[in-house]
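Which chain is which? The protein sequence lines are A and B, in order.
Sequential numbering of the first sequence, starting at 547, is according to our numbering.
Sequential numbering of the second sequence, starting at 547, is according to our numbering.
Treat the hints as calculated values from the structure; they're not laboratory data.
Only a predicted model underlies this, so the values are computations on that prediction, with no experimental measurement involved.
Don't take every hint at face value.
Identical copies look the same in the list; a pair holds intra-copy or inter-copy alike.
Stated by the list, open to error - Taking lysine to any residue and the SDA-like style, the derived pairs with C-alpha atoms no more than 20 Å apart in a straight line are:
(1) K866 <-> D590
(2) K804 <-> A738
(3) K667 <-> G743
(4) K804 <-> P744
(5) K612 <-> A770
(6) K612 <-> R766
(7) K745 <-> R811
(8) K745 <-> Q815
Protein chains: 2
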Amino acid sequence: MGSASVEYCNAEEGVILGVDGGATSTICVCLPFLPFSDHRQLPDPLPVLGRASAGCSNHNSVGEDKAREALEQVIAEALSRAGKNYSAVLAVCLGVSGVNNSSDQERVLNWMRDKFPGHVKIYVHNDAVAALASGTMGKLHGCVLIAGTGCIACGFTEDGREARAAGAGPVLGDWGSGYGIASRALTAVVKAHDGRGPKTRLTDCLLESLGLSSPDGIIRWTYADPSWARIAALVPSVISCAEAGDQVADEILSDAVKELALSVRAVVQRLHLAGEDGNDSFPVVMVGGVLEANKTWDIGKEVTDSILKAYPKACPIRPKVEPAIGAALFAWNTMKKETEVNGYR
Amino acid sequence: MGSASVEYCNAEEGVILGVDGGATSTICVCLPFLPFSDHRQLPDPLPVLGRASAGCSNHNSVGEDKAREALEQVIAEALSRAGKNYSAVLAVCLGVSGVNNSSDQERVLNWMRDKFPGHVKIYVHNDAVAALASGTMGKLHGCVLIAGTGCIACGFTEDGREARAAGAGPVLGDWGSGYGIASRALTAVVKAHDGRGPKTRLTDCLLESLGLSSPDGIIRWTYADPSWARIAALVPSVISCAEAGDQVADEILSDAVKELALSVRAVVQRLHLAGEDGNDSFPVVMVGGVLEANKTWDIGKEVTDSILKAYPKACPIRPKVEPAIGAALFAWNTMKKETEVNGYR
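Produce the complete structure using the sequences and hints provided.
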């Protein structure tokens with residue numbers, strides 16, 4: 547290793563920060579700098595020196611001021627809990643939802659440049675990068691499928707290309723998302739009630755979840771609050787109905803599986819992640835409440851099966867660590883590669 | 547006719563008000579009291595003494611204060627343009643969107659009671675009543691299908707029963723609405739762009755309508771403004787694409803036709819409007835921009851054809867007068883019936 551690397555490795559007090567700025571909250575973790583050259587040598591579990599959470603940092607949702615505030619706050623708190631200050635930081639990766647182009651990246655980078663000493667490595671990406679890295683232990687290669695309140699598939703190649711599918715929000719057809727599943731279930735209840743659709747167990751089940759006495763109340767409940775997460779929270783009820791044999795609920799979940807698998811296939815095809823003959827191996831990291839529901843009707847497993855049918859050598863991964871740790875590992879991995887390159891000069 | 551009726555008929559200066567409070571604006575018309583016993587004797591065109599418009603009066607959209615303000619303002623202006631004052635009013639019908647139950651009715655009734663002398667007949671209904679009455683010349687019987695920004699089917703029987711289908715807004719599956727059609731078209735563009743769907747002429751067509759250079763801009767455009775009408779305004783572009791032979795656009799319109807016809811069928815079945823054997827005659831009034839587009843790909847005609855296939859004796863009507871005039875005719879018709887009943891005592 548070169549001198550830069552040695553400098554970092556010797557900095558035993560040095561830390562790495564990982565930030566995951568999702569749709570509803572922002573998490574920051576502070577890890578010690580890990581002097582291992584390969585992620586297979588990483589300790590398990592990873593030592594977390596400090597962890598903090600704050601509100602949403604997506605500038606599209608909350609505006610630039612609040613987004614900046616959330617990021618600064620969560621970093622300050624994580625450092626404080628770890629008993630470290632800004633000068634101890636060697637590298638930080640921020641995976642922030644709403645960061646979609648270079649001007650978004652530049653803006654967040656400028657906020658951070660004001661906070662950290664000049665030598666600190668700062669990486670700014672979309673939160674999908676944090677999610678992927680949580681499954682690949684920091685490596686930016688493969689496809690990540692995130693299905694929580696929203697859904698998106700993002701792919702990255704080792705030579706730096708990337709592609710996305712879905713992630714356009716509920717108005718633009720993210721039917722595989724928690725919001726998409728739950729809004730279709732609510733629609734099925736309304737349709738059964740007004741005579742446009744078959745009777746379904748979803749009626750009793752969702753009315754009970756919402757504390758409503760009649761489907762007439764659903765319209766008012768739905769539009770009383772524009773929060774997507776509030777609607778997506780009904781997904782477990784939809785799964786329960788499907789498990790109990792309700793055909794309408796079953797069809798909604800099956801359609802969601804198709805949409806999610808289609809998103810992954812679209813990304814894999816555009817980036818040729820499976821190689822020319824479709825037989826190359828690549829990671830598919832699966833993240834988010836919809837894929838991790840741990841129910842008998844297992845959406846994540848169905849999506850995985852569908853992907854493996856198309857790409858037998860795909861490696862589905864359900865990460866054991868949270869995306870914020872993925873972000874920290876990305877920072878560690880990227881910094882390590884950069885210093886290796888410097889060392890070989 | 548009884549004495550009450552004679553009193554009104556002699557009141558040659560007396561006027562009738564009709565108010566249509568829709569999703570985006572509120573219209574009020576002031577008609578002279580028409581001393582005819584049958585709507586077939588009504589003059590054509592109907593003499594309109596005054597007409598005014600104001601903002602939205604749906605309390606769910608703008609709150610109660612603004613809703614009341616819009617209603618009061620539009621009535622005051624229509625009267626002023628007609629050169630009449632409140633004491634000249636014999637009857638008023640307000641068809642207001644968002645009026646969905648008796649407590650909604652009571653609230654609007656109380657607002658109006660403060661404005662008008664005690665003898666004035668005040669009728670408060672959902673705006674669907676105004677739309678139906680615009681096709682039936684004031685009679686509350688049959689089914690009305692409204693498809694503009696939103697969509698709803700409402701049916702009324704002569705003995706006072708009513709039923710609705712759809713009208714639950716875009717989150718709850720109003721796919722036959724202008725918003726539903728346009729959001730599906732935008733979704734098709736996003737899907738074609740990220741590899742999840744077939745190429746479509748909609749891409750160039752909608753990007754041009756929106757002044758965007760790439761589909762990437764669609765997400766930002768869509769969520770920049772929550773107004774449903776703004777998205778629904780893209781319907782003419784979708785129709786143009788379907789007329790030019792685009793399969794994706796054609797399928798979106800065909801699905802909308804199915805949804806709209808299904809809404810009518812659900813209402814007709816629940817109210818037995820077509821009688822026990824499905825062969826009774828009943829009006830189906832078709833209202834709203836989606837049904838009145840006057841294009842070669844004629845959504846209204848396709849919906850009509852589908853309804854006639856199910857109910858050969860249905861009478862599709864495209865009204866020649868606006869819903870506010872329907873509301874006034876409803877007031878006229880209802881007042882006339884009430885005074886006749888009084889006369890027969």
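Please work out whether the CA atoms of K804 and A738 approach to 20 Å or closer within one copy, between two copies, in both situations, or in neither?
Only across copies: K804 and A738 sit 16 Å apart there, 24 Å inside one copy, limit 20 Å.
20 Å Cα threshold - placement of D590 relative to K866:
within (10 Å within a copy, 75 Å between copies)
Identical-chain pair category, K612 with R766, by Cα at 20 Å:
between (30 Å within a copy, 19 Å between copies)
What label fits K745 with R811 when the C-alpha limit is 20 Å: within, between, both, or neither?
Close across copies (17 Å), not inside one copy (34 Å); limit 20 Å.
Within, between, both or neither: K804, P744 at alpha-carbon 20 Å:
between (22 Å within a copy, 16 Å between copies)
Cα distance capped at 20 Å. Does K667 pair with G743 within a copy, between copies, both, or neither?
neither (56 Å within a copy, 40 Å between copies)
At most 20 Å between CA atoms: does that hold for K745 and Q815 within a copy, between copies, both, or neither?
This pair counts as between: shortest inter-copy Cα distance 16 Å, intra-copy 40 Å.
With identical chains, the pair K612 and A770 could be close in the same copy or across copies; at 20 Å between alpha carbons, which is it: within, between, both, or neither?
The answer is between: 18 Å across copies meets 20 Å, while 24 Å in one copy does not.
Checked against the numbered hints listed earlier, the structure breaks hint 3 alone; every other hint is satisfied.
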